[in-house]
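To get our numbering, take the position in the sequence shown, counting from 1, and add 23.
Some clues are possibly wrong.
What the hints assert, rightly or not - Quick list of in silico lysine to aspartate or glutamate cross-link-like pairs, EDC-like style, CA-CA up to 20 Å:
id: 1; residue 1: Lys456; residue 2: Glu548
id: 2; residue 1: Lys425; residue 2: Asp408
id: 3; residue 1: Lys383; residue 2: Glu261
id: 4; residue 1: Lys137; residue 2: Asp157
id: 5; residue 1: Lys425; residue 2: Glu612
id: 6; residue 1: Lys603; residue 2: Asp457
id: 7; residue 1: Lys606; residue 2: Asp457
id: 8; residue 1: Lys131; residue 2: Glu359
id: 9; residue 1: Lys137; residue 2: Glu125
id: 10; residue 1: Lys220; residue 2: Glu393
id: 11; residue 1: Lys269; residue 2: Asp232
id: 12; residue 1: Lys456; residue 2: Glu524
id: 13; residue 1: Lys513; residue 2: Glu548
id: 14; residue 1: Lys398; residue 2: Glu415
No wet-lab data here; the hints were simulated from the structure.
All values derive from a computational prediction rather than experimental measurement.
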Amino acid sequence: MKKFIAKFLYVTKQKHKSLLIMLCLFILSSFLEMVGLGFVGPFSAMVTNPDYINSNVWLQNLYVKFSINSPQNFILYFGILTIIVFYVKSALSFLTQKSIAEFSHSLKGDLSSKLMQSYLSAPYTLHLSRNSADLVQSIVTFTDRFCIGLVLNLLTAISNGVVIIALVALLLSTNAVASLGITLVLFLSLLVLNPLKDKLAYWGKQGFDASAEIIRILNHGLGGLKETRIIGCESYFEAQMNLATKKYSTNMGLASGYSNLPRYIVEAVIISFLIVFAFLFVTFNQDDSQNITSIFGIFAIASIRLLPATGNTISCISVIRYDLHSLDVLYAELKEAEEVKSKNEELNNLPVHHSQPQSKLTFQSQIVIENLGYKYPNTQTNALDCINLTIEKGHSIGLIGKSGSGKTTLVDVLMGLLSPQSGDIFVDGISVKDKIRAWQNLIGYVPQSIFLIDDTIERNIAFGVPDNQIDLQKVQAAVQTAQLSEVIEKLPMGLNTAVGERGVLLSGGQRQRVGIARALYHEKEILVFDEATAALDNETEQLVTEATKILGSSKTIIIIAHRLSTIEHCDRIYQLQEGKILKSGTYQEVVLNS
């Protein structure tokens, strides 16, 4: 229980004030519930026998104190007061439930945003080691199950629990024997049902695992739809989906079905006890009709509220047990995010887009890489070993080498995605180690496979910029320089043409040039081409290469080359092998003379 409370308070630490306010609402609402029901017994006794006023000390004191002239008027005023208390109680109960719902959904939004921010600012190695389906599940599924499942039901259970305590206290003051009997029956019922909690927790864990598997299968099957259809392996993904959905539906069905079982058992047991108690009470107290009327008036009304409150609380506890795994996951995710933030404070305070204030790093002369070394986690071999090179401003360099030689790793370290274990990178003599974001603000990246959002060409070029801040002149200038103008002119919607999911409505060369235009729009001084023409035909490759040549006079360009023809115009070529620079020089010296 201590671990649960500690984790819960940690995950909801931004909402502690709201939790305290709701707790006060729970207590006030329960107090009014107790007062309202406490009025029902005396009122029903007075209606059946007005002389009951004189036999009840509390009622007699009220009657005298307010100088009411007749029992009928007293009963009327007392009834009006009871009605007012119930209306206020109902309004407060509505406000309480509304607050619970709003709190739960607000918390879900906050946690989803916090996790998104955490994943966006996390070290690049986290994304290399984790499946994106798991990250999506944390943001979408686990926040939903925690906030709408666990938190909402926990707060509802606490609210009902406070009401139950208040009602039991009222019943104890009315008839201690019956109240203690109900309490004992409830306790024994819960004791018998206790083993069910482990089953609910198990079904919940299995359901979450199946949910993650469904997301992965969807990503694999639909993400590679072209390959899936050509190979003809639809049945493979269909079979996987059938297994995953069957696992999900089976566990969800069991959890949902059995979570209601305790409620119905407890309701039946309480009703049985009350009927037996009523029979025995009437049998042994036949001469005390006024007291019987008062007691059973209170017990009858209290039972109307107590039964659903008890049943609902037990159902809520069952759902909490089912969704308990979501708390463990979110606690671990947020703990990891906090550790990352403390280790890399600057990276976790990145501006969301270029319109926000940013630290500056000027590039006037050269980039110097000194003794750079990097080794991937859980590997024995260095991916980069003592790399030294200099890049002059306005020059272009080409990186060549066999697959696994370290080209992409070097670029990832150079762009600040990976942190080197040794060595450093200097811009005009200033280390970029403590200015990662300022350094990244100078870099534009054009990969082999351009990431395009399912939106217009304009929004893909001005990627990450709000609509009201997009500079159309800059977009058009970037289109012109990237040799995309002719393509845009032929499209019926021009820049407002939708590119489809992952840019499927554009050709490979057009996607690459959109990527170049994106880097140009954001006015990056250094452009990195990561095998950007490797998958293109010769004619399209020539167009993209021409676009990079045009940029050579105004930008510093780094090209990872698959085809050597794309680096003929580079000022300097570096050949890598096993994480080291094997050769460096001009195209003639490195490529033609080797």
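So, going through the hints one by one against the coordinates:
The straight-line distance between the Cα atoms of Lys456 and Glu548 is roughly 19 Å, inside the 20 Å bound, and the hint therefore holds. Proposed proximity of Lys425 and Asp408 is supported: the alpha carbons are some 16 Å apart, at most 20 Å. Proximity of Lys383 to Glu261 is assessed by CA-CA distance (about 52 Å); at most 20 Å being required, the pair is judged violated. This hinted pair checks out: Lys137 and Asp157 have alpha carbons roughly 16 Å apart, not beyond 20 Å.
A C-alpha spacing of about 18 Å is found between Lys425 and Glu612, which places the hinted pair at or below 20 Å, so the restraint holds. For the hint pairing Lys603 with Asp457, the CA-to-CA distance comes to about 25 Å; that exceeds 20 Å, so the pair is violated. Annotation: proposed proximity of Lys606 to Asp457 is violated, straight-line Cα distance about 31 Å (limit 20 Å). Taken as a hint, the Lys131 and Glu359 pair is honoured in the structure, with Cα atoms around 19 Å apart against an allowance of 20 Å.
A C-alpha spacing of about 18 Å is found between Lys137 and Glu125, which places the hinted pair at or below 20 Å, so the restraint holds. Under the criterion of a C-alpha separation no larger than 20 Å, the hint pairing Lys220 with Glu393 is inconsistent with the structure, at around 59 Å. Distance hint between Lys269 and Asp232 is fulfilled; the C-alpha atoms sit about 12 Å from each other, no more than 20 Å. Our distance criterion of 20 Å between C-alpha atoms is broken by Lys456 and Glu524, whose separation comes to about 36 Å.
Under the criterion of a C-alpha separation no larger than 20 Å, the hint pairing Lys513 with Glu548 is inconsistent with the structure, at around 30 Å. A hinted pair counts as satisfied when its Cα atoms are at most 20 Å apart, and Lys398 with Glu415 does not qualify at roughly 27 Å.
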